[in-house]
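The primary structure of each chain is shown beneath.
There are 2 protein chains.
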Amino acid sequence: MARSSCNLRINSKRLRADFDALADIGATMGGGVSRLALSNEDMAARAWFADRVEEAGLQIKDDEVGNLSGWLPAADPDAKTLMIGSHLDTVPNGGRFDGAIGVLAALECLRRIKEAGLKPSCHLEAINFTDEEGTWKSLFGSNGLIGKISANDISDTLHDNMAFRAALHRAGILLDELHHAQRDPESILGFLELHIEQGKRLHEQGLDIGIVDRIVGRTTYNVVFYGEAAHAGTTTADERRDALQGAAAYIIAAHNLVTEGYPEGVVNCGHVAVEPDSFNVVPAEASLRIEFRHPDTATLKEIEAQLIQLAQDCARQYRLTVATERVLHRAAERMSGYLFRQIESACQAEGARCTAIASYSGHNAQIMNQMVPAGMIFLPSVDGISHNPKEHTEWRHVEIGANILLRAILQLTV
Amino acid sequence: MARSSCNLRINSKRLRADFDALADIGATMGGGVSRLALSNEDMAARAWFADRVEEAGLQIKDDEVGNLSGWLPAADPDAKTLMIGSHLDTVPNGGRFDGAIGVLAALECLRRIKEAGLKPSCHLEAINFTDEEGTWKSLFGSNGLIGKISANDISDTLHDNMAFRAALHRAGILLDELHHAQRDPESILGFLELHIEQGKRLHEQGLDIGIVDRIVGRTTYNVVFYGEAAHAGTTTADERRDALQGAAAYIIAAHNLVTEGYPEGVVNCGHVAVEPDSFNVVPAEASLRIEFRHPDTATLKEIEAQLIQLAQDCARQYRLTVATERVLHRAAERMSGYLFRQIESACQAEGARCTAIASYSGHNAQIMNQMVPAGMIFLPSVDGISHNPKEHTEWRHVEIGANILLRAILQLTV
Chain A
1 MARSSCNLRI
11 NSKRLRADFD
21 ALADIGATMG
31 GGVSRLALSN
41 EDMAARAWFA
51 DRVEEAGLQI
61 KDDEVGNLSG
71 WLPAADPDAK
81 TLMIGSHLDT
91 VPNGGRFDGA
101 IGVLAALECL
111 RRIKEAGLKP
121 SCHLEAINFT
131 DEEGTWKSLF
141 GSNGLIGKIS
151 ANDISDTLHD
161 NMAFRAALHR
171 AGILLDELHH
181 AQRDPESILG
191 FLELHIEQGK
201 RLHEQGLDIG
211 IVDRIVGRTT
221 YNVVFYGEAA
231 HAGTTTADER
241 RDALQGAAAY
251 IIAAHNLVTE
261 GYPEGVVNCG
271 HVAVEPDSFN
281 VVPAEASLRI
291 EFRHPDTATL
301 KEIEAQLIQL
311 AQDCARQYRL
321 TVATERVLHR
331 AAERMSGYLF
341 RQIESACQAE
351 GARCTAIASY
361 SGHNAQIMNQ
371 MVPAGMIFLP
381 SVDGISHNPK
391 EHTEWRHVEI
401 GANILLRAIL
411 QLTV
Chain B
1001 MARSSCNLRI
1011 NSKRLRADFD
1021 ALADIGATMG
1031 GGVSRLALSN
1041 EDMAARAWFA
1051 DRVEEAGLQI
1061 KDDEVGNLSG
1071 WLPAADPDAK
1081 TLMIGSHLDT
1091 VPNGGRFDGA
1101 IGVLAALECL
1111 RRIKEAGLKP
1121 SCHLEAINFT
1131 DEEGTWKSLF
1141 GSNGLIGKIS
1151 ANDISDTLHD
1161 NMAFRAALHR
1171 AGILLDELHH
1181 AQRDPESILG
1191 FLELHIEQGK
1201 RLHEQGLDIG
1211 IVDRIVGRTT
1221 YNVVFYGEAA
1231 HAGTTTADER
1241 RDALQGAAAY
1251 IIAAHNLVTE
1261 GYPEGVVNCG
1271 HVAVEPDSFN
1281 VVPAEASLRI
1291 EFRHPDTATL
1301 KEIEAQLIQL
1311 AQDCARQYRL
1321 TVATERVLHR
1331 AAERMSGYLF
1341 RQIESACQAE
1351 GARCTAIASY
1361 SGHNAQIMNQ
1371 MVPAGMIFLP
1381 SVDGISHNPK
1391 EHTEWRHVEI
1401 GANILLRAIL
1411 QLTV
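Heads up: the protein sequence lines correspond to chains A and B, in order. When you number the first sequence by the numbering used here, it's gap-free, plus one each residue, and the end is 414. When you number the second sequence by the numbering used here, it's gap-free, plus one each residue, and the end is 1414.
Keep in mind that the hints were calculated from the coordinates and are not lab data. Please read these numbers as outputs of a predicted model, since none were measured by experiment. Wrong hints could be hidden among the right ones.
[Said to hold, decoys possible] Straight-line alpha carbon distances no greater than 16 Å define the calculated EDC-like cross-link-like pairs of lysine to aspartate or glutamate that follow:
#  : chain 1 : residue 1 : chain 2 : residue 2
1  : B       : 1148      : B       : 1063
2  : A       : 200       : B       : 1239
3  : A       : 301       : A       : 277
4  : B       : 1200      : A       : 238
5  : B       : 1200      : A       : 115
6  : B       : 1390      : A       : 228
7  : A       : 390       : B       : 1228
8  : A       : 301       : A       : 275
9  : B       : 1119      : B       : 1078
10 : A       : 200       : B       : 1238
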């Protein structure tokens, strides 16, 4: 990094004005935001972002999966690109910081570098990825960029994606063109993402910054216990093959297994349903959706094997059968050590109290990391509240984080 | 009983022909029957029954809640009435025996008594009660007869009973007239019901007949556990207030409580749902519907108190709150000792192997017992299968049961 750029700082007031203006797009009662991917609000946010990019004298760039970027070219057209960004979409009635702060900070960094007349050795790209939150398909934009989205994913015959296809069409995203969004890994230097933690570890420890070293892998299963429907009055306890009793025992045992055996792991059962779902019939079928996460891929596999075994044990105990079906898997990611150290030295230079941290939620950086080195900077979430209008990050932490992001960019490219 | 009537027997062949003809009305694939109360099939079954009543030279009688009877008058118009019957309606795709056999046997008894020229001291009434199974309102006909149904029950503003009202209207049952169905208890000698057991106790013990001494009481609760929705990845186990974990612990504990502490009791949780019902959100709410039965009213109340306490304990264990709401209660009934002994002596005279038995399902006899002495004769259900096309009772048991019913009627009235 050239000495002249050492003291470059983001314009906090301008970043704050952008933040407030963006939070108005899709604002909900109680201070939240609804900007579901490809909704009118999301499209309005994209148009607003494009205006800011033009206003800053940056180039606008978009791709075939709807990712939208501001672009600051290097002098050498053959230079690699350093990508920086996150997402403008939100969950229904989510918070104002999640995703938005990463896109706005990236834009602010490019603006400052351009204003300062610096000549980065790489192209700089501030990117907004399409549908991070999964209104339609979680991490759609980043998966598209690394070549993992094809028309088949949306036109498959097993799922009714009609509304998704209509939303894509309306946004000018063409199924037949999706695969063109794939970038050449050789053209990209790396990816940096600033994001709120969405947990309370940084907040509770009074830290300013988390440097993400790992993003948890995640596996989701449908687990269906099968017993026998029976009259709830005339069938004695020892005659019953009650699917719900097996499922209830499994829910408790699965939580105990992970909590006691895998302190870095988490498990959740967020869905349950029984058939025939009548109060006076012993349940013949109980379906669960169970999800577990761990920052280490091998351990995640171990948990998976144990949870399948546990389902079989619970089924046997209640004289049931059980079917387990893996419905989603995302591998754990170990983030780039080089970018980790760059961020760490930027934290030191900025005097920020930081720690290495594992991310327990999925991020675009996790997808990008499959193709190019990626690094993530976490900001403290007050009380860990996430996907909620009450989600909050102190502005001084936003400022610190954005300055660290700027410093890391300069270290890498100037 | 006069000596001349000692050897009167039902006409098994005729009863069997009736049984087969009735099973054709609403017959389903696989040998089952769908005659939902007030459906076209139920109306056709009633018309068929009325034809059989007329054919036998009995009088037809109906009332303001749609109960339909064959009537054999005594010489003295001021005599009391001995009522005998059950129901022609079924659950969806139910069996051919449940309810039907009790109505047909009652009709056959009246036919035989009339054919034999006997002069019973009481009016005899073979009755089909409306909607025993609860397509609209469980035990509607018998509750109407004892004066426990009023227009308010159907026109209340809390429930949308529009389809029920339309079904009643179509069957010629008028809301404003419902209360006229109430009978004078002084006019009724008692009520006898022949029914299949719907459990496997008689079948497993190789017995011919069960004489019902008690019908279980039944209490149903909605139990809702309240926790806090949270991100399934970023929220650590000890931070969670997972409503489903509390509910799962409750399901297991409630079954253990009843199974271990109350051998005569049964409990079922047939419905469960969570909010927000998303696989990556920790459940904020888990709703159960739990039902428990016991043949003794005081014990049923004790179980109720313990299950409420248990819900609170489970809530505390998982840092939840819980709401419990009683949604249905039917008191346990101790059947008439006098009628029990009459049936018992009829069993002895017929050489049937019989036992006293508690009924774990609800019956019209349970409702009638609130107003007049009532007795019930149970037939063995093969393997206890009930509410299922595979429901079966051996014909020899039907024959034995119908002859015991006939003998009991004769003992009481001739």
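Quick rundown of the hints versus the structure:
The hinted pair formed by residue 1148 of chain B and residue 1063 of chain B meets the criterion: a straight-line CA distance of about 14 Å does not exceed 16 Å. Between the alpha carbons of residue 200 of chain A and residue 1239 of chain B the distance comes to roughly 10 Å, so the proposed pair stays at or under 16 Å and holds. Between the alpha carbons of residue 301 of chain A and residue 277 of chain A the distance comes to roughly 33 Å, so the proposed pair goes past 16 Å and is violated. Distance check on the hinted pair: residue 1200 of chain B and residue 238 of chain A sit about 12 Å apart at the alpha-carbon level, within 16 Å; holds.
For the given pair, residue 1200 of chain B sits about 86 Å from residue 115 of chain A by alpha-carbon distance, which is inconsistent with the 16 Å threshold. For the suggested pair residue 1390 of chain B and residue 228 of chain A, the alpha carbons sit about 14 Å apart, so the restraint of at most 16 Å is met. For the suggested pair residue 390 of chain A and residue 1228 of chain B, the alpha carbons sit about 14 Å apart, so the restraint of at most 16 Å is met. Proposed proximity of residue 301 of chain A and residue 275 of chain A is contradicted: the alpha carbons are some 31 Å apart, above 16 Å.
Taking the CA atoms of residue 1119 of chain B and residue 1078 of chain B, the gap is about 15 Å. The hint holds against a cut of 16 Å. Proposed proximity of residue 200 of chain A and residue 1238 of chain B is supported: the alpha carbons are some 12 Å apart, at most 16 Å.
Checked against the numbered hints above, the structure breaks hints 3, 5, 8 and satisfies the rest.
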